[in-house]
Every structure is written in C-alpha cells, then in structure tokens.
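So the sequences go chain by chain: A and B.
Everything in the first sequence is counted per the numbering used here, starting at 1 for the first residue and increasing by one.
Everything in the second sequence is counted per the numbering used here, starting at 1 for the first residue and increasing by one.
Quick caveat, the hints were computed from the structure, so don't treat them as lab data.
Hints are not guaranteed to be accurate.
Stated by the list, open to error - Here are some of the chain A residues that sit facing chain B, going by a computed Cβ distance under 7 Å:
hint: 1; residue: Y33
hint: 2; residue: F35
hint: 3; residue: L45
hint: 4; residue: F47
hint: 5; residue: R50
hint: 6; residue: L109
Just so you know, even glycine gets a beta-carbon here, dropped at the ideal spot from N, CA and C.
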Amino acid sequence: AQKVTQAQTEISVVEKEDVTLDCVYETRDTTYYLFWYKQPPSGELVFLIRRNSFDEQNEISGRYSWNFQKSTSSFNFTITASQVVDSAVYFCALSENNAGNNRKLIWGLGTSLAVNP
Amino acid sequence: NAGVTQTPKFQVLKTGQSMTLQCAQDMNHEYMSWYRQDPGMGLRLIHYSVGAGITDQGEVPNGYNVSRSTTEDFPLRLLSAAPSQTSVYFCATRGAGGSAAYFGPGTRLTVT
Chain A
1 AQKVTQAQTE
11 ISVVEKEDVT
21 LDCVYETRDT
31 TYYLFWYKQP
41 PSGELVFLIR
51 RNSFDEQNEI
61 SGRYSWNFQK
71 STSSFNFTIT
81 ASQVVDSAVY
91 FCALSENNAG
101 NNRKLIWGLG
111 TSLAVNP
Chain B
1 NAGVTQTPKF
11 QVLKTGQSMT
21 LQCAQDMNHE
31 YMSWYRQDPG
41 MGLRLIHYSV
51 GAGITDQGEV
61 PNGYNVSRST
71 TEDFPLRLLS
81 AAPSQTSVYF
91 CATRGAGGSA
101 AYFGPGTRLT
111 VT
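Chain B on its own, in the form it takes in the complex:
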C-alpha cells in the first residue's frame, strides 16, 4: 500500500520546456488535487478533480493542465515552463466526508 506517489522527485527545466508531473494513489479516493508551495505563501491549489473525467481549477491554474482518466492517476502538465513555476509541487488525495488529505512526497522543480 504505497499511498500517494509522485515522480520525479527533482526536475530542472529550461524556460519554454514542457513536462508532466506524475501522481498516483492506491487509496481509492475520488478527490485528488495539486498544490504548489513557495516560501512564505503556504500551499496554493492549482487544480483538483472530484473523480475520473472531472477536473476544475484552483486558485493558481495558469500555465498548468490536468486530466483524470482513472481514479488512480492525476498528472499535472506544465505547458511551457517559466521561472515563476519554480516551486515544490504536492499531489494530495482526500476521501469522502471530512476526511484528511494525504500527500505525496513532493516534486522540487527548478526552471532556469
């Protein structure tokens, strides 16, 4: 039972490159989300999904795309990386009701 996994753990991109951050869960949670964490700014929601085939924007969605074809996977795509997207990215899942969110280990992304 791996919980929530993310790959890669570290990534360096050049401005303009694209990439996909992977997130997978084996907790059978319908709700999944992506956050970015920047110094002094806490956790900011990028995109979220309430189930396969359903996604929606969070508070900082620009420059990112998501899709949810299965319950288990929720990849985050950076379309054209910018230095402002240098951050630590966390994927999280959450079960029904008021249950807690469980986080992946994070991906540290640097855009040069």
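Next comes chain A alone, as it looks inside the complex:
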C-alpha cells in the first residue's frame, strides 16, 4: 500500500539555522513520483519540486535542497540558512505510475515549520 510519513509534526528553529524536513514513503511500484509543497500562513498550496523514481540526483534550488534516497525510501527537504519567510507547513506527496487514469496523490500529514527571528 502507498503511504507517506512525515514524522515531524512541528519544528521550531531560529533564523539562519539549517533545518531538514523528513519524508518517508512506501510503495510497491518501481515507477513513482515524489513531490514537496509549501503552505504558508496565507493558506495557498505551492508546488516546490517533483522527482521521479529513476532520478536519484539531489536537487538544489537556492537555499532549498532535496535528498532522494531509494535505499531508505526517503525524500528529505533541507532549508539552509532559514528565514522567517520559510515559516509554513510543508507537505510531501507520492504518486505511483500514472498509466491509465490513476493520478491520485498520497499525502503526508505535513510538518509545520516555525522560523523565529
């Protein structure tokens, strides 16, 4: 069965600290996709990154980086030198092979990150 676990419910850091948000997934498929979304206090859901199961390269975008490890079924998200604007709820999601009509996303429960000045 598909499952996404974000074990950290809430994290609080001081500005400029590095922080890693964990995401562990379960799937039987060999082809799947992983996503991270950000939900700031304003409430909208913002797409951050997509990774397919055949691409294990880590990704860096500015202060954001993602570490995908199939061996541990994890897709962790690190924010370097955190800023107050990073305060948000972050969601990890999984989608299995999208052959046919199955495009459902399986969501973690989210990690609420508070970055304090």
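Please arrange chain B on chain A, whose structure you already have, making use of the hints.
Coordinates of chain B only, in the frame set by chain A:
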C-alpha cells in the same frame, strides 16, 4: 493565464443548506480533484475526475456531489451542509504523466 480559480473564498452556511463550490482551470488538464483540509488531518480527497463526463469518489465522498461537463469546470456540491463539513476546500488539477498538481486558492467554509 489564471491557472486554477475557486469561488467563493469564504462561505458561512447554516446546517441543512446546500451550496456549490466552483472550480475552474485554464491549464487544459484532464485530471481535477477536490480536497478538504482539516487541522491535523492533512489533505483528504473528496472526489476526482479524469476527464469530462467521468468522476469518481475519493476517500471522504459522503455529503458531496460532483459533475464534470467540461474540461475547465469541476463544481463541488454540498447537498445538506453539516457542521462536520466545516473545512477548507481545495480544488486541484494535474496534467499527464507524473506531473505536479496545481491548486486553487481554497474556499474556507463554516457550517453553523
């Protein structure tokens, strides 16, 4: 290019009233879905559609109806509102393959 739009942004209903939450997209995506978000429960799928004329239930469909007459529109109907339906509702679209989902701004619904 508006992406995904939802109306209204806020709504207060009395128990037993009905209403329709509107969702429209201009991304030409076949897949559309409705989620509700409640504190501590993440995003839960209500209904989804893989194309015009095709809809199916998600994990929490009771009390809601959907239809999909066009690619662009996917309205969600609350048949007889209950306080348990107080939530934030998000509409999302998704393109082909393993593409990302894109969300509307959400509708905050309160049922008293």
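Cross-check of the supplied hints:
1. Among the interface hints, the one on Y33 of chain A holds; its C-beta lies about 4 Å from the nearest C-beta in chain B, closer than the 7 Å criterion.
2. The interface hint given for F35 of chain A holds, since its Cβ lies 6 Å from the closest Cβ of chain B, which is under the 7 Å cut-off.
3. Hint status for L45 of chain A relative to chain B: holds, with the closest Cβ pair at about 4 Å, below 7 Å.
4. Hint status for F47 of chain A relative to chain B: holds, with the closest Cβ pair at about 5 Å, below 7 Å.
5. For R50 of chain A, the shortest C-beta to C-beta distance to chain B is roughly 5 Å, which falls under 7 Å, so the interface hint holds.
6. A cut of 7 Å between beta carbons decides the hint on L109 of chain A: the least distance to chain B is about 4 Å, and the hint holds.
This entry satisfies every hint, going by the numbered hints stated previously.
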